[in-house]
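Going down the list, the protein sequences come from chains A and B. Residue numbers are given in our numbering: position 122 of the first sequence equals residue 122, and the series is strictly consecutive. Residue numbers are given in our numbering: position 65 of the second sequence equals residue 65, and the series is strictly consecutive.
Hints were generated in silico from the structure; no laboratory data involved. Everything numeric in this text was worked out from a predicted model, so none of it was measured. Treat the hints with care, since some could be wrong.
Claimed, not checked - One side only, chain A facing chain B, incomplete, derived with CB under 10 Å:
| hint | residue |
| --- | --- |
| 1 | 23 |
| 2 | 104 |
| 3 | 108 |
| 4 | 158 |
| 5 | 325 |
| 6 | 399 |
As the list claims (entries may be wrong) - Capping the alpha-carbon separation at 35 Å, the derived lysine-lysine pairs in DSBU-like fashion look like this:
| hint | chain 1 | residue 1 | chain 2 | residue 2 |
| --- | --- | --- | --- | --- |
| 7 | A | 285 | A | 137 |
| 8 | A | 143 | B | 172 |
| 9 | B | 4 | A | 137 |
| 10 | A | 143 | B | 102 |
| 11 | B | 159 | A | 279 |
| 12 | A | 136 | B | 159 |
| 13 | A | 129 | A | 169 |
| 14 | A | 173 | A | 285 |
Ideal placement from N, C-alpha and C gives every residue a C-beta, glycine not left out.
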Amino acid sequence: MSTRIIQVDTIARVEGEGALRIQISDGKLEDVKLRIFEPPRFFEAFLRGRDFTEAPDITARICGICPVAYLMGAVHAMEMICGAVIPRPIRDLRRLIYCGEWIESHILHMAMLHAPDFLGYPDAIAMAKDHPDVVKKALRVKKLGNDIMVLLGGREIHPINVRVGGFYKVPTKEQLRRLKPDLQWGLEAAMEMVRFASQLNFQDFEQDYEFVCLRHPDEYPFNEGMMVSNKGIEVPISAYDTVLVEEHVPHSTALHSRIRGRGACHVGPLARYTMNHEKLTPLAKTSAREAGLAEICCNPFKSIIVRGVEVVFAFEEALRLIDEYEPPDRPFIPVTPRAGTGYGCTEAPRGICYHRYTIDDAGAIQDAKIVSPTAVNQSTIEKDLWHFIEPNMDLPDDRLQWECEQAIRNYDPCISCSAHFLKLEVVRQ
Amino acid sequence: MPGKRRPKLAVWKFASCDGCQLSLLDCEDELLDVAGALDIAYFPEATRSVQPGPYDLSLVEGSITTPHDAERIHQIRRDSRQLISIGACATAGGIQALRNFKDVREFTRIVYASPQYIETLRRSTPIAEHVRVDFELRGCPIAKHQLIEVISAFLNGRKPNVPTYSVCQECKRQGVVCVMVAHGTPCLGPVTQAGCGALCPSYHRGCYACFGPKETPNIPALSQWRRERLGASDLEILRSLRTFNAAAAEFERESIRHEHQNHPG
Chain A
1 MSTRIIQVDT IARVEGEGAL RIQISDGKLE DVKLRIFEPP RFFEAFLRGR
51 DFTEAPDITA RICGICPVAY LMGAVHAMEM ICGAVIPRPI RDLRRLIYCG
101 EWIESHILHM AMLHAPDFLG YPDAIAMAKD HPDVVKKALR VKKLGNDIMV
151 LLGGREIHPI NVRVGGFYKV PTKEQLRRLK PDLQWGLEAA MEMVRFASQL
201 NFQDFEQDYE FVCLRHPDEY PFNEGMMVSN KGIEVPISAY DTVLVEEHVP
251 HSTALHSRIR GRGACHVGPL ARYTMNHEKL TPLAKTSARE AGLAEICCNP
301 FKSIIVRGVE VVFAFEEALR LIDEYEPPDR PFIPVTPRAG TGYGCTEAPR
351 GICYHRYTID DAGAIQDAKI VSPTAVNQST IEKDLWHFIE PNMDLPDDRL
401 QWECEQAIRN YDPCISCSAH FLKLEVVRQ
Chain B
1 MPGKRRPKLA VWKFASCDGC QLSLLDCEDE LLDVAGALDI AYFPEATRSV
51 QPGPYDLSLV EGSITTPHDA ERIHQIRRDS RQLISIGACA TAGGIQALRN
101 FKDVREFTRI VYASPQYIET LRRSTPIAEH VRVDFELRGC PIAKHQLIEV
151 ISAFLNGRKP NVPTYSVCQE CKRQGVVCVM VAHGTPCLGP VTQAGCGALC
201 PSYHRGCYAC FGPKETPNIP ALSQWRRERL GASDLEILRS LRTFNAAAAE
251 FERESIRHEH QNHPG
């Protein structure tokens, strides 16, 4: 019997640490395991006993790439428990800071982590030698996302200005207005990046996914909406645990999520785009159409285009929010604790990020559950690899390994988040 | 360094959120220059190309929390001419050091259905507890300008200019009104190392000590002030010290004192 083992010990250009092991025996694919060995950090355990107001800053430390997702999940859950009603301007500023995070995170992934795969470079620095304009422009667009984060959050990573009830300090109209010329430039540049992405070579790899995301009646989702899927799920986020279940598998410190009774699901840009296409802003729709995207996108390799479309959306949305902004009377509303359980589910760049907390009358956290989007996508990534490797088994190991890595990077996996969550190994027999 | 060879940079990760190494990719204006001055030899978050050691400069993010990592850091030290730990996890154990004060087996049972699959150490510890470290860069996350300063100091063979005084000095220099004196907002600025640019006070918020204890802090005096003037409880003081630098020696000592007062006996 001949065995091929392809093993990648540390998957590069993803956030956090994981490994992949592929075993092929006598030309038949025997096993694919995405192994997450990010050491566990026990957030859900040490949140117990903390004050409800501490959850946003503590959970932000789950991920340096998408801290806004954790800040937002936590504040929304706590406000649900306490019955707080958030005024429009604060709600809008929350959407605006999320625009910043989507721009920063999506461009980081498109230009620096994903595009080098399509063009055959090990990284963006090497890519910059042949495509300096693309990389330099991407860095400038990325920085605009960070500029929004810095103005609203105080800094790019682990913003300090978000609290239960609102913000510590809100910007003036003039401060926001000053961002506009750069954001206008960013909008044009983002449309160019979609055109650039649409000209890359894509594998024919359409999959039958169950897409899960938020859907809101009036807007492309960030912080609010029903949890929906293209296969019939439509529930309030408080029913999350009845829809998605987590299981602990030996090869991963990230818990695997499955749709109860059905199996793997797919969260992230493809899910949001497919389920909310009609809610995109005008230029985002134009960009998608010009890039040749249908209203449904089931090819994960094309996520690089969809991320670009979402960046166009984020710039348009940011400009709209800035135009309509009237500062609130006060930066936050007081929130008084009361015993209960609350839920937060928001659209992190990589997909829905779920929080559930139970607090007592004094505001002390009794129980916490947090599910990151990459943890949810793990099973889908493994499934994609099964489908991807079978027709490509004749490739030499190094080529197969690179293409498998690319198939994983389609999901922009954020492994730091998921450990509660990548190395590649292919075994050929 | 012989000839014009560019120094080899490696970026390593232990238990962390990735935010501190992301700070390097967040230096959008400087990134291509840094890549020009240094040979990025190992940085999995940014590149799939891997060059073998030894490395001239290793930046280490994250804390040591597993038996495997406790071994791995020694090999990295052997492969590194200079080793700089970056961020609160690498310099103080990070938020995950909250386990140090509890029973980690209980923590594992809370989070994981099958605790037997999980390998973890009882304490989350900073890099310097395991190997010699040439410089510790504080912050949760680190400040970009300080990271560029440290890399630039390394390239020029000089000591990094990273002050160890308190956040208060940054507030005064920037003309930020003291949130504690003027508004009665609890603030750890007097005992916390500068570096953030007095971020929280300039957003009308008390400092929550991302950069860890300043050089020679008088934390009991601040606690007493908070208790007497702001009516803070031991539990509130305890919680404020038990965050991202909970296992930094001065914070740990003071928080344990309040733990005993909060739960006498």
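Violating hint indices (sorted, rising)
The structure conflicts with hints 1, 5, 6, 10, 11 and 13, although it agrees with all the remaining ones.
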